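> Chain by chain, the residues:
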Amino acid sequence: MSFLNEKYCIVGVGETMYSRSSQRTTHSLAVEAVRRAAEDAGLEPREIDGLMCYHENDSVPPYFLAPELGMQLKFYMDTPGGGNAPEALVALAASAIAAGLANVVGIYRSLNGRSDVRLGGTGGSYVSSRRGGGEAQFWLPFGFSSAPATYALFARRHMHQFGTTSRQLGMVAVNARRNANLNPKAVMRGPLTLEDYYASRMVIEPFHVMDCCLETDGACALIVTSAERARSLKKPPVYITGAAARTCSPLVRWLWAQEDPTDWPGRLASQQAFQMAGATTRDIDVAMLYDCFTITVICELEDAGFCGKGEGGPFVEEGRIGLDGDLPVNPNGGLLCEAYANGTNNLAELVRQLRGDVDDGCQGKHTFDRTRCRQIRDAKVGLSMASLPQGYASALILRR
Amino acid sequence: MTTYTKPLPSPDPDTKEFWAACQKHRLIIQRCLSCKSLRWPPRQGCPFCTSQEMQWEEVSGKGTVYSYIVFRRPFLSEFTRDIPYVVAIVELDESPKVRMLSNIVGCTPEAVHIGMRVKAVYEDVTDQVTLFKFAPAAEPATR
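Those protein sequence lines, which keep their order, are chains D and S. Note that the first sequence covers residues 1 to 400 in our numbering. Note that the second sequence covers residues 401 to 543 in our numbering.
What the hints contain is simulated information worked out from the structure, not anything from laboratory work. Here the structure is a predicted model, which means the values were calculated and not measured. Please note that the accuracy of each hint is not assured.
[Said to hold, decoys possible] Which residues of chain S face chain D? A few of them, derived with a C-beta cut under 7 Å, are: (1) Leu408; (2) Phe475; (3) Lys497; (4) Arg499; (5) Ser502; (6) Leu531.
[Said to hold, decoys possible] Partner residues are not named here, just some residues of chain D that face chain S (Cβ under 10 Å, in silico): (7) Gln137; (8) Arg157; (9) Ala257.
Where is the CB? At the ideal position from N, CA and C, for every residue including glycine.
One chain only, chain S, in its complex shape (with noise of 0.2 Å):
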């Protein structure tokens, strides 16, 4: 196995539980208790009401792409054999709330658009560390 050179993520005391979850192929989000809002990214208090109470809770994975972004020129070197790649913002089933950033991977970034339906995958870069990206998924919206 190749060493992986990418920057990776320094889990902190509020994401060490999400990306702990992230390495067994889970997507967990935080869910705050008084207002019930889902929130990303993970933090101590709630954006939409300051309470401090939260539970995480498992999401589906699943998705749409609501905004997105094609780099055709490196701005870290490391990704300069990835180009050109996508990087989008994925609003989850589960809420509106819960807009994440990352890749698609799994098509060309012609085919990516507004819209498209996406899934969570997992790459497990390193022995410590997993990422969530989105691929394609066929499913219509659950919600």
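Chain D with its partners taken away, still in its complex shape (with noise of 0.2 Å):
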């Protein structure tokens, strides 16, 4: 057993309401949804001693924000990130207790990623910083540029290699979107068929628009602390069992200069993570799988070790990956269709989840009727992780 065991916890969970176009400051939103996780934890913003952030477009460091939070803080951290950090911060927040820097730690991630600093590269400020220097110097030469493009190199290889087919990609689209409908907080909602995620713009083959996901402006929290802090605060805490966030073994930094570019580093990450937590796949009753593309998606069920390598699209299409199915994948719509708060919005959703008091149509007492419930029946212990063909990858498994 690790050192993570039942001593660290998430106890709160909070976010700003996301949307295509804020109007506000990433400051301002960050600060919204730091207050709404502390309120959810029943604690005063000024009790959090710790906070940290992550960014790859736009953020908001963290001392900017104490000062109106009434923080004294004793530890910070700004680091570099995307979808691989909001586990290993989580997993650094309990370090950071566990070596006596603070006593509760806030995590968020804030940006303005539709209105203003868009991933893609078509933002104005990304755009004015694109020189084909470093790595670039191989990429935007050839027209090679954003997040879509890289995915879609590996998706076609997955493709190639393993038989994975357009309609196994769109079924993992349907799935988000069909959670995303019994999700009010969902920016990405109404019907979406196979036919219409096959009619959707094709963007760069073989992605269409709708293996993609949002680009949206929204802040969301995370507050860990020690779980005896927790015993004091109002909601259950979410027990932090098992951890990894790492390279793959070597890292060769370039992943197309591996042997097979399809073993992703989430093979390595979950490993770990599922050994700390003395678990295996069979314990985990809901699993948030970062879908920044449906790629990823069919990738991390393999990586987790849900299925064998290259059965992730039969996996998704034999219909497991559904609010009643073997292993529920994103029940709140995920990157796809909740947000894109680079990975946070999921681990707040694994964090509700296993509460058992997410915001769906049921008044009260979940019904477990798909027409309004996303709640997972009996949720007890959740995997959250994020596999990254850039090389690097992060998991965290948590347990009520």
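If you follow the hints, you should be able to join the two separate chains into one complex; please do so.
Following this line, the structure appears as structure tokens:
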């Protein structure tokens, strides 16, 4: 058993409204998300003495927020990071608490990812910063840019090597939309059939626009503290039992140089987290699989060992990732349909699923009627992971 | 000659020999002197064995399409007029460890497929810069 076991927990989650145009600063969004997470936990924001965030496009550093939240931070961190960051920061928060650096640590992601700095490289400030230097000297001159391009290359190879189909990718999108339709926070709602998926605009072959996650504005926050401190708080704690944030082994910086580029780093990250938690795939009641693109869900199913290599597509096609399937995946609609809060929103959903208090169409007690309820039945243990073909991955196992 | 407006590579100490060779329409790749691996992209040390000793070696420029995508909408405004265009990963005949990203030119996007044989071609885009690209080739693999 690791030092983590049952000693640290997530005690609060919160977010702003997710939208395509917040008309607010990332500062103001972050303050609101942290306030809401504190309120969820039953804490005053000033009781938070550690604060961390991550950024890849825009953000706001923790020490900018502290004054108006009444915080006197003993520990802060603002780190570059993408989908692999939230799990890593939760583990780091637990470590900081274990080391005595802080007692209650907030983690947030705040971005105007649609109205201001778009990750796709189509936004104003991003464009001005692009130059063909560093690694980009071997991409930009060839018109290669944006996350969809990177993931599409890996998707094409996966399709070639394992027979993964557009239909299977489409079913990841359909699953996300079906779940999002039960989530009032989700930006992208409404019916989506496989036919709609096929008819959606081709962005970068083999990706349709429906293979790509949203670009949204908003902020989301989590609060981590010790099990001891959690006892006097409002919500039932969700314990951190396993964590990993790591690279491939060995990491060849360009994953294309690996012998098999379909062997993603999530395999090692999930193994590490499962081992730490003393758990196996059979223990997982709900999985949050980082879905910046449909292909990542398929690869993460394989990486985590829910199925064999190359079997992720059929796993999805057989309907096993639905709310009442063997392994419900991304009940909030994920990044594809809820919002692009860079994975923090998926962790917030996992916490609520394990507490049994997701915000769906049920008034009061959950009905499990899938026309309005997205609560997973009796969810005790959950996995959140991000496996990224750039060569790094994270995994976190939580239990109620 | 019209002015070339697309992004250009900015050679650095690790890559300047590569781009200089490109100008002479030659493709050179680093070989580790310790584990003998060819590696890409150019860098100081070997990602397979960490050795810092290497030499540049000319390669044939022949290879096979390993994966590819077709841009149907522009993500970089300078490439708007090229839509649809193909970006591919090409595995060089000399080593599966050398998979290079570039464009496939000289055929329609529909003609591109994984396993397609290609060879390096060169575009002198400015007086100082030549880009390497890949075009369909008839010859079978040499290894």
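> Hints first: check each against the structure and report whether it holds.
Hints, one by one, checked against the model:
Because the smallest distance between the Cβ of Leu408(S) and any Cβ of chain D comes to about 5 Å, under 7 Å, the interface hint for this residue holds. Hint on Phe475(S) holds. Least Cβ distance to chain D is approximately 4 Å, under the 7 Å limit. Annotation: interface hint on Lys497(S) holds; nearest CB of chain D at approximately 6 Å, less than 7 Å. Proximity of Arg499(S) to chain D holds as hinted, the smallest CB-CB distance being about 4 Å (cut-off 7 Å).
About 5 Å separates the beta-carbon of Ser502(S) from the nearest beta-carbon of chain D, less than 7 Å, and the hint is met. Because the smallest distance between the Cβ of Leu531(S) and any Cβ of chain D comes to about 5 Å, under 7 Å, the interface hint for this residue holds. The interface hint given for Gln137(D) holds, since its Cβ lies 4 Å from the closest Cβ of chain S, which is under the 10 Å cut-off. Contact between Arg157(D) and chain S, as hinted, is supported at the beta carbon level, the nearest pair being about 4 Å apart and thus within 10 Å.
Annotation: interface hint on Ala257(D) holds; nearest CB of chain S at approximately 6 Å, less than 10 Å.
Checked against the numbered hints above, the structure breaks none of them.
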